[in-house]
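Chemist: Given next are the chains, with one letter for each unit.
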Amino acid sequence: MKVTVISDTEILITREFDAPRDLVFKAMTDPTLMPRWWGPRRYKTVVDTMDVRPGGKWRMRNIAADGGEHAFRGEYREVDPPERVVWTFEYEPLAGHVSIETMTLTERDGRTLLTVRDAFASKEDRDGMLQSGMESGARETYERLDELLAELKGTAA
Amino acid sequence: MNATFSALAEPNRLQIVELLRHRPLPVGQIAERLRMRQPQVSKHLRVLSQAGLVQVRPLAQQRIYGLRTEPLRELDGWLERYRRLWDERFEQLDDVLRDLERNKGKTDGHGK
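Chains as they are written, first to last, in our numbering: chain X, 4 to 160; chain L, 5 to 116.
Derived by calculation from the structure, the hints in this document are not laboratory data. We put the beta carbon where it would ideally sit given N, CA and C, even for glycine. There's no promise every hint is true.
What the hints assert, rightly or not - Straight-line distance between alpha carbons at most 20 Å, and here's what the computed DMTMM-like set of lysine to aspartate or glutamate pairs gives:
id	chain 1	residue 1	chain 2	residue 2
1	X	60	X	95
2	X	47	L	91
3	X	60	X	13
4	X	47	L	14
5	L	108	X	128
6	X	47	X	69
7	X	5	L	95
8	X	47	L	92
9	X	126	X	110
10	L	108	X	93
11	L	108	X	95
12	X	5	L	98
13	X	60	X	21
14	X	126	L	78
15	L	108	X	33
16	X	126	L	14
17	X	47	X	110
18	X	47	L	78
19	X	47	L	74
20	L	47	L	36
21	X	5	L	91
22	X	126	X	51
23	L	108	X	25
24	X	126	X	112
25	X	126	L	74
26	X	60	X	33
27	X	5	L	74
28	X	126	X	83
29	X	5	X	81
Said to hold, decoys possible - One-sided and incomplete, this derived list gives chain L residues near chain X with beta-carbon spacing under 8 Å:
id	residue
30	39
31	91
32	94
Please model the entire structure based on the sequences and the hints provided.
Modeler: Here you go:
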């Protein structure tokens, strides 16, 4: 997986999967498959709504063992099987802070390259994105700076 | 953290930060090593300093510029959590895809 900071408010993620594109697309748009991968492992993910078509709404919840939950929602902007999905993403407690995620799939030799472009409306929205109960890993070391700088550099090129 | 992103978005400033990782340096030496003009370097250092990325320390007649790692760590911490979130998703997606491949041909349509 490669993460590149494109600008103040945009991040690009790329990852290759050992499966043809139609399967990856299916896993990303099927409400019975989505909960199996979209939420963090320690949560149970429940799909409340997933109306996969332009203008259709989606809502998912991550439910913790102690019953605490985090709800996310948004709207599909573009659905173009099997290569492109664009949806808006909102963490409900921070309603109004919307990011737009563009997922693009390209197939090569039976493998699929997924590109996720995450565009936040503002820097505050970007910072708020991770406030959904994810623990802050405060174990950063100075060495990791290399990796960070490499990521930032990828943008400047 | 916003200031960190903006300050580092400029390639010359990123180069300065990389150079200062090795050791603190005076403006003149930064300019020399990066083959930039001194006023230009001073301008970039001002932005980096406002973002809290560098700090100045007087030494004899010189002003030595050194790196402050706190803002970088903060940015790195954010990226790290972001990366972990997607990493976990993708690992799980690998499993889902493996199942789908295995069941391909058997049944089509919605999984269990």
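Chemist: Now, for every hint given, state plainly whether the structure supports it.
Modeler: We went through each hint and held it up to the structure:
For the proposed pair residue 60 of chain X and residue 95 of chain X, the alpha carbon gap of about 14 Å is at most 20 Å, so the pair holds. As the CA atoms of residue 47 of chain X and residue 91 of chain L are separated by approximately 17 Å, the hinted pair is consistent with the 20 Å bound. As the CA atoms of residue 60 of chain X and residue 13 of chain X are separated by approximately 23 Å, the hinted pair breaks the 20 Å bound. The straight-line distance between the Cα atoms of residue 47 of chain X and residue 14 of chain L is roughly 42 Å, outside the 20 Å bound, and the hint therefore fails.
This hinted pair does not check out: residue 108 of chain L and residue 128 of chain X have alpha carbons roughly 40 Å apart, beyond 20 Å. A C-alpha spacing of about 11 Å is found between residue 47 of chain X and residue 69 of chain X, which places the hinted pair at or below 20 Å, so the restraint holds. Note on residue 5 of chain X and residue 95 of chain L: the hinted pairing holds, with a Cα-Cα distance of about 14 Å set against a maximum of 20 Å. The hinted pair formed by residue 47 of chain X and residue 92 of chain L meets the criterion: a straight-line CA distance of about 14 Å does not exceed 20 Å.
For the proposed pair residue 126 of chain X and residue 110 of chain X, the alpha carbon gap of about 33 Å is over 20 Å, so the pair is violated. Taking the CA atoms of residue 108 of chain L and residue 93 of chain X, the gap is near 34 Å; set against the 20 Å cutoff, the hint is violated. Our distance criterion of 20 Å between C-alpha atoms is broken by residue 108 of chain L and residue 95 of chain X, whose separation comes to about 36 Å. A distance of roughly 16 Å separates the Cα atoms of residue 5 of chain X and residue 98 of chain L; the hinted pair therefore holds under the 20 Å criterion.
A distance of roughly 29 Å separates the Cα atoms of residue 60 of chain X and residue 21 of chain X; the hinted pair therefore is violated under the 20 Å criterion. For a cut-off of 20 Å, the pair hint linking residue 126 of chain X to residue 78 of chain L stands: about 14 Å separates their Cα positions. For the hint linking residue 108 of chain L to residue 33 of chain X, the alpha-carbon distance of about 15 Å falls within 20 Å, and the restraint holds. Of the pairs offered as hints, the one joining residue 126 of chain X and residue 14 of chain L holds, with about 17 Å between alpha carbons and a cut-off of 20 Å not exceeded.
Proximity of residue 47 of chain X to residue 110 of chain X is assessed by CA-CA distance (about 31 Å); at most 20 Å being required, the pair is judged violated. Between residue 47 of chain X and residue 78 of chain L the CA atoms are separated by roughly 29 Å; this puts the pair beyond 20 Å, and the hint is violated. Only pairs whose Cα atoms come within 20 Å are accepted, and residue 47 of chain X paired with residue 74 of chain L is rejected, the gap being roughly 35 Å. A hinted pair counts as satisfied when its Cα atoms are at most 20 Å apart, and residue 47 of chain L with residue 36 of chain L qualifies at roughly 15 Å.
A threshold of 20 Å between alpha carbons decides the hint, and for residue 5 of chain X with residue 91 of chain L the separation of about 10 Å falls inside it, so the pair holds. Straight-line distance between C-alpha atoms of residue 126 of chain X and residue 51 of chain X comes to about 29 Å, which puts the hinted pair past the 20 Å bound. Proposed proximity of residue 108 of chain L and residue 25 of chain X is supported: the alpha carbons are some 12 Å apart, at most 20 Å. Between residue 126 of chain X and residue 112 of chain X, the direct Cα distance comes to roughly 38 Å. Violation of the 20 Å bound is thereby established for this hinted pair.
A distance of roughly 19 Å separates the Cα atoms of residue 126 of chain X and residue 74 of chain L; the hinted pair therefore holds under the 20 Å criterion. Between residue 60 of chain X and residue 33 of chain X the CA atoms are separated by roughly 14 Å; this keeps the pair inside 20 Å, and the hint holds. Between the alpha carbons of residue 5 of chain X and residue 74 of chain L the distance comes to roughly 24 Å, so the proposed pair goes past 20 Å and is violated. The hinted pair formed by residue 126 of chain X and residue 83 of chain X fails the criterion: a straight-line CA distance of about 29 Å is larger than 20 Å.
With a C-alpha separation of about 24 Å, the suggested pairing of residue 5 of chain X with residue 81 of chain X is violated against the 20 Å cut-off. Hint status for residue 39 of chain L: violated, given a least beta-carbon distance of 17 Å to chain X, over 8 Å. Hint status for residue 91 of chain L relative to chain X: holds, with the closest Cβ pair at about 6 Å, below 8 Å. The closest approach between the C-beta of residue 94 of chain L and any C-beta of chain X is roughly 5 Å, which is under the 8 Å cut-off, so the hint is satisfied.
Of the numbered hints listed earlier, those contradicted by the structure are 3, 4, 5, 9, 10, 11, 13, 17, 18, 19, 22, 24, 27, 28, 29, 30.
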